[in-house]
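K.L.:
Under our numbering, read the sequence shown as residues 74 to 220, first letter to last.
A hint or two may mislead.
Using C-beta positions, here's what the derived DEER-type ranges look like [what the hints assert, rightly or not]:
hint, residue 1, residue 2, range
1, F164, E189, 19 to 29 Å
2, T150, Q92, 30 to 40 Å
3, A165, K199, 11 to 21 Å
4, E198, F177, 16 to 26 Å
5, L212, A165, 41 to 51 Å
6, N155, W180, 18 to 28 Å
SDA-like mimics (lysine to any residue), calculated; alpha carbons at most 20 Å apart, straight line [stated by the list, open to error]:
hint, residue 1, residue 2
7, K119, K205
8, K205, S186
9, K191, Y121
10, K200, K134
Keep in mind the hints are simulated off the structure, nothing from the lab.
Even for Gly, the Cβ is constructed at its ideal location relative to N, Cα and C.
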Amino acid sequence: MKNAFRIVFISLFFVACQQKITPADVAKINGYWEIEKVVFDQGKDKDYGMNESYDYFQIGKNNSGTRKKVMPQLDGTFLVNNTYENVTVRFADDKAFIDYSTPFTKWSEELISLSEDKMVLKNQEKKEYHYKKTGPINLLGDGKKTK
Numbered sequence: 074m075k076n077a078f079r080i081v082f083i084s085l086f087f088v089a090c091q092q093k094i095t096p097a098d099v100a101k102i103n104g105y106w107e108i109e110k111v112v113f114d115q116g117k118d119k120d121y122g123m124n125e126s127y128d129y130f131q132i133g134k135n136n137s138g139t140r141k142k143v144m145p146q147l148d149g150t151f152l153v154n155n156t157y158e159n160v161t162v163r164f165a166d167d168k169a170f171i172d173y174s175t176p177f178t179k180w181s182e183e184l185i186s187l188s189e190d191k192m193v194l195k196n197q198e199k200k201e202y203h204y205k206k207t208g209p210i211n212l213l214g215d216g217k218k219t220k
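Let the sequences and hints guide you as you build the complete structure.
P.N.:
Below, the structure written as structure tokens:
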């Protein structure tokens with residue numbers, strides 16, 4: 074009987090500690106995000122070292138915007154093409170979701186956690202994508218400020 078109480082208590086503890094993302098948090102998504110790791114459903118992790126591309130989110134006050142893949146350059150600039158996804162942040166059942174759409178497909182990811190410098194998204198295959206906020210890099214040391 075004591076074990077049953079422990080299990081219930083621990084379960085309630087984890088449920089209570091889950092971050093609740095609010096509409097006021099949506100602005101934190103804007104910017105450049107670099108993937109750190111992917112956690113698979115079976116508990117295995119895939120760590121990423123240096124990434125060749127970042128995700129750039131730009132979401133407005135109406136909770137919609139775009140996500141683009143950008144490639145950082147050594148001089149602090151980014152290579153960008155015309156490919157992007159339309160995104161909308163949606164709230165349902167005390168959870169937050171990012172809905173993506175292109176002319177070819179639509180999909181959603183659950184926004185598990187979000188802070189100024191960390192973000193975790195979970196897709197329909199139960200893979201968790203852990204991101205860290207990043208920005209331009211300038212390894213040339215030419216003294217110029219990056220935008």
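K.L.:
Indicate, hint by hint, whether the structure satisfies it.
P.N.:
Here's how the hints hold up against the structure:
1. F164 to E189: 19 to 29 Å: Given range 19 to 29 Å: holds, Cβ gap about 20 Å.
2. T150 to Q92: 30 to 40 Å: Holds: the Cβ-Cβ distance is about 34 Å, inside 30 to 40 Å.
3. A165 to K199: 11 to 21 Å: With Cβ atoms ~18 Å apart, the hint holds.
4. E198 to F177: 16 to 26 Å: holds, 19 Å
5. L212 to A165: 41 to 51 Å: Check passed, 43 Å falls within 41 to 51 Å.
6. N155 to W180: 18 to 28 Å: Since the Cβ atoms of N155 and W180 sit about 20 Å apart, the hinted range of 18 to 28 Å holds.
7. K119 to K205: Cα-Cα ~15 Å, so holds.
8. K205 to S186: The given pair, whose Cα atoms are some 12 Å apart, holds under the 20 Å limit.
9. K191 to Y121: holds, 15 Å
10. K200 to K134: violated, 28 Å
In the structure shown, a violation is registered for the earlier hint numbered 10 alone.
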